[in-house]
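Number of protein chains: 2
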Amino acid sequence: MQIPKPVKNLIESFEKLPGIGPKTAQRLTFYLLHVPQGMLEEFAKALMNLKKSTVICSICANVSETDPCHICSSQNRDHGLICVVEQPLDILAFERGGRYQGVYHVLHGAISPLSNIGPDEIKIAELLRRIKQSPEKIKEVILATNSNMEGEATAMYIAKEIKELMKDPKIRGLRVSRLAHGLPIGGDVEYADEMTLQRALEGRREYGA
Amino acid sequence: MQIPKPVKNLIESFEKLPGIGPKTAQRLTFYLLHVPQGMLEEFAKALMNLKKSTVICSICANVSETDPCHICSSQNRDHGLICVVEQPLDILAFERGGRYQGVYHVLHGAISPLSNIGPDEIKIAELLRRIKQSPEKIKEVILATNSNMEGEATAMYIAKEIKELMKDPKIRGLRVSRLAHGLPIGGDVEYADEMTLQRALEGRREYGA
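Going down the list, the sequences are from chains A and B.
Take the first sequence: its position 186, counted from the start at 1, is 271 in our numbering, and no numbers get skipped.
Take the second sequence: its position 47, counted from the start at 1, is 132 in our numbering, and no numbers get skipped.
Treat the hints with caution; some may be incorrect.
Pairs involving identical chains hold if they fit within one copy or between any two copies, as the list cannot separate such chains.
[To be verified] Below, computed lysine-lysine pairings styled on DSS-like, alpha-carbon distance capped at 27 Å:
1. K101 x K224
2. K245 x K101
3. K208 x K108
4. K208 x K245
Just so you know, the hints here were simulated from the structure itself, not pulled from any lab data.
All values derive from a computational prediction rather than experimental measurement.
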């Protein structure tokens, strides 16, 4: 059976999304056939406006409605502490906790030679420029990339580049740190993988009762 | 952190889809931020046109670009054999096999008292009208609703209604059948649930080597 063209078009659009296969795309499309036209139009409008009504913050590269974004323009934030993340979604994860008071820098990806993503494809140069422009203001850079291969490679690359910058005496005092690795809260030792357990051992801390 | 309004709008639109939770909706939305505007507009257009450019076939209630649909208007189909399905997607499943040569009737749902869907909410009356209108043409109705509680209830209800119709001597010859139940092809007896195994036993057939 030929699927009607308008139905096929939407199935194909859904299929382009990550994690959505042909079956799910079909299911979503046929679900939407039963939905009022108004809801479809709202959905369409949201898609059209997604990029039109947002900007990339010129300081931290986060997605925002204003430039600079509300975090970079906030007076309540410690602008000397920069947390470097791969994606805007990672910022959401930190902000959910509500404890981090510094600012961010979004790389929009991680170094991944297999996908042809080198250091120039992500916003590393912007980070280094940011450090160079106000060396006295920035005290610490927290590398909060993912702890997979790409994230580790990216963290290593950035750390190396910052070390290079530190030859400038004005930047010498900058601290570079990485998120701690170890057991997740609520995690069982029994089920932890060997790498995590190894890192948890290495990172063990003094403990007083 | 407040998520920018345009981003939030799209997340909310995705969340309304079945099987898409808040996390997936966020992931899809942030993925689309990295996509060219042209692709977003294509997606939006596909959504807008989904219902505008399709019709429900006046004979079988399938989703189609033309009325009657290409199956109902085909000369190569056996119009005396009607396969009754819950959703347009079910037709796709049958057509994928390519062996079924009859026509279809789409109910657009199944009887489900828990969701307030009674016999009048789905296209049962249309099916009965179709049978009454050409009693000499239609030879068999195959009830191919799902084999869950709602699908079984719907099949039972339709079979009862058709029996009522058969009081008319012109319709008396109509055959009503239900899809066979049993082990799926490639299925292990070991992992089959008791209901399936019971049905497979009941439906066992003569077997010659």
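* Asked: Going back to the hint list, which numbers does this structure go against?
  -> Checked against the structure, the hints that fail are numbers 1 and 2, while the rest are satisfied.
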